[in-house]
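Colleague: Listed below, chain by chain, are the residues.
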Amino acid sequence: MDELMYYLVTPVNLASITDYLEYMSIDIYDWTLVFALLFLIVELTDDALTRRFSGERFFETLSSLVTQIPFYFTEVVVFSAAVYGYFTIYEFIPWKMPVNTMGFLLVLLMADFTYYVEHLCLHRVRLLWLAHSVHHSSGVMNTATAFRFSLFDPVVSATFHLPLLLLGFHPMFIFAAEILIQAYQFWIHNEMIGKLGPLEWVMNTPSHHRVHHGSDKEYIDKNYGGILIIWDRIFGTFAKEDKIPTYGLATPMTSKNPITVQFHEFYKIFRDIKNAKGVGEVMGYVLRPPGWQPEHKNMKE
Amino acid sequence: MSLPKHNPLLRVLYMSLVLFMFAFMMAVIRMYWPDDSQVSEYTDYSAYESPLETVKSNHAVTRDNKSLADVHKTQKEKLPKVMTKSTARQPELFRRPRFTVTGIERMLNLSANMQVQLEGLWADFYNLDTQQHLPGLSRSNKVYLVYKSYDHDSQSIEVLIGYQYAMQNLSSQVKSVELPKGKYIKRDSVLATWDNPQDLPLSYQLDYEVYEVDEYFNISGQRAFLSTNKGAY
Numbered sequence: 001m002d003e004l005m006y007y008l009v010t011p012v013n014l015a016s017i018t019d020y021l022e023y024m025s026i027d028i029y030d031w032t033l034v035f036a037l038l039f040l041i042v043e044l045t046d047d048a049l050t051r052r053f054s055g056e057r058f059f060e061t062l063s064s065l066v067t068q069i070p071f072y073f074t075e076v077v078v079f080s081a082a083v084y085g086y087f088t089i090y091e092f093i094p095w096k097m098p099v100n101t102m103g104f105l106l107v108l109l110m111a112d113f114t115y116y117v118e119h120l121c122l123h124r125v126r127l128l129w130l131a132h133s134v135h136h137s138s139g140v141m142n143t144a145t146a147f148r149f150s151l152f153d154p155v156v157s158a159t160f161h162l163p164l165l166l167l168g169f170h171p172m173f174i175f176a177a178e179i180l181i182q183a184y185q186f187w188i189h190n191e192m193i194g195k196l197g198p199l200e201w202v203m204n205t206p207s208h209h210r211v212h213h214g215s216d217k218e219y220i221d222k223n224y225g226g227i228l229i230i231w232d233r234i235f236g237t238f239a240k241e242d243k244i245p246t247y248g249l250a251t252p253m254t255s256k257n258p259i260t261v262q263f264h265e266f267y268k269i270f271r272d273i274k275n276a277k278g279v280g281e282v283m284g285y286v287l288r289p290p291g292w293q294p295e296h297k298n299m300k301e
Numbered sequence: 001m002s003l004p005k006h007n008p009l010l011r012v013l014y015m016s017l018v019l020f021m022f023a024f025m026m027a028v029i030r031m032y033w034p035d036d037s038q039v040s041e042y043t044d045y046s047a048y049e050s051p052l053e054t055v056k057s058n059h060a061v062t063r064d065n066k067s068l069a070d071v072h073k074t075q076k077e078k079l080p081k082v083m084t085k086s087t088a089r090q091p092e093l094f095r096r097p098r099f100t101v102t103g104i105e106r107m108l109n110l111s112a113n114m115q116v117q118l119e120g121l122w123a124d125f126y127n128l129d130t131q132q133h134l135p136g137l138s139r140s141n142k143v144y145l146v147y148k149s150y151d152h153d154s155q156s157i158e159v160l161i162g163y164q165y166a167m168q169n170l171s172s173q174v175k176s177v178e179l180p181k182g183k184y185i186k187r188d189s190v191l192a193t194w195d196n197p198q199d200l201p202l203s204y205q206l207d208y209e210v211y212e213v214d215e216y217f218n219i220s221g222q223r224a225f226l227s228t229n230k231g232a233y
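Residue numbers (this note's numbering), protein chains in the order written: chain A, 1 to 301; chain B, 1 to 233.
Honestly, I wouldn't trust all of these hints.
Think about it this way: if two alpha-carbon atoms lie no more than 30 Å apart in a straight line, the pair counts; the simulated DSS-like pairs of lysine-lysine are [to be verified]: (1) A/240 / B/148; (2) A/240 / A/274; (3) A/217 / B/5; (4) B/5 / A/243; (5) A/297 / A/217.
Hints were generated in silico from the structure; no laboratory data involved.
Isolated chain A (complex conformation):
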């Protein structure tokens, strides 16, 4: 088994823990994609056998997968820039955290909390919701939804992890943690796995994440966690899955057109900003939570 693994894992020179983390995390991410495609095949076969399969579900799945194309291009550019930028900034930071195994576990924990904060902001700041709404606009919950991203998502992620860099953590630690947390997301977007007993107490599970994708009133803006669900339990954003959620946006978006999928929220914010009265309202539309309206509009309604 060891021999087999040796040839499966990229045979490169791993002379330090940062090298190790670089190759390990990228290997994990690549293999996760392979497994995710297998999950998706099983899900689609299951759809067919249980007569759930429909043109609507199929094209929704396809439309989610297609978002990877623009996402991939910006991801390559932004991630490369972030790697260069992070390493450059790191040189100037006078305090450096230890580069060892325990240091990495600490970064992983802190990056998971960063993911929670970032995710909360993605939902609660409309400017960021422009990007993240793409991930939530599907009415179908299968592994393809995990592939559904906006082309602007990479920018947000690179920004939110800057505090970890300023604390003096090695950039490779931060990127590796980020990649591992991303990879974790591919097994929680499905309707195949029910509740998982005690795991549900601490880990983010398919059940918790279905809730996160629900547009039902009791499920909106809940369960932001990445790998751990404890952040939601601590900060009061946790909701238990009591019924199968209705997936998608509060105002449904059913288009499969890749351009509409990427930009549907842009049309809406553009319309709102055009009708805004004064800078205050513009800022409100940009920085307040999605669905926010100025007082006079609420009064009218």
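Assemble the complex: chain A is given as a structure, and chain B must be docked to it using the hints.
Modeller: What follows is chain B alone, placed relative to chain A:
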């Protein structure tokens, strides 16, 4: 609450796939882990200075472990520090991939002061115009010191100092060496291990050290990988 209706067999298959994925990922995580978890403990850099001092006062490097042990015994009192870190543990074997190191090569004399010769080699390498001789080299914080072609009779050895770099048509000032893929014994220092090999199955074919350095060549970490007799482990 109940999930949508599923085919039971496919559901079992799905969950098995998830479990298999986690097991597989654990194997990926563990693959190279032991090496690095130990690297992380290396914070006391004074430990790395002692092997060089040991070598300085004991020039005998031989393939015969017994005679070396005798030499070591007689000189034991003269040695202010004895490297215990690399000899106290059982040998640790690590699979290392094949890769090429390019840099400056010198023939060094083991019966002369190795410390001075190595320092000269480091200084020459520091002054090497990498833009000219190693075009396209990406910034690297690892310097390799490769020890090869030992000659017991003349007490000479070829030492190449360089970066991981592989390119055709090199200038005459620089040389390349390909480090073979295989199992290596991991230690802290090549010279210190030769000095006190104990019962290690060293093959004395090609050994190398990896140094973690900053841009001014301040060393922050050091490991040595020594070739071993095949089949010994």
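Colleague: Does each hint hold? Answer for all of them.
Modeller: Evaluated hints:
1. Annotation: proposed proximity of residue 240 of chain A to residue 148 of chain B is violated, straight-line Cα distance about 64 Å (limit 30 Å).
2. About 39 Å separates the Cα atoms of residue 240 of chain A and residue 274 of chain A, which puts this hinted pair outside 30 Å; it is violated.
3. Only pairs whose Cα atoms come within 30 Å are accepted, and residue 217 of chain A paired with residue 5 of chain B is accepted, the gap being roughly 25 Å.
4. For the given pair, residue 5 of chain B sits about 14 Å from residue 243 of chain A by alpha-carbon distance, which is consistent with the 30 Å threshold.
5. Our distance criterion of 30 Å between C-alpha atoms is met by residue 297 of chain A and residue 217 of chain A, whose separation comes to about 22 Å.
The structure fails to meet hints 1 and 2 from the earlier list, while all remaining hints are met.
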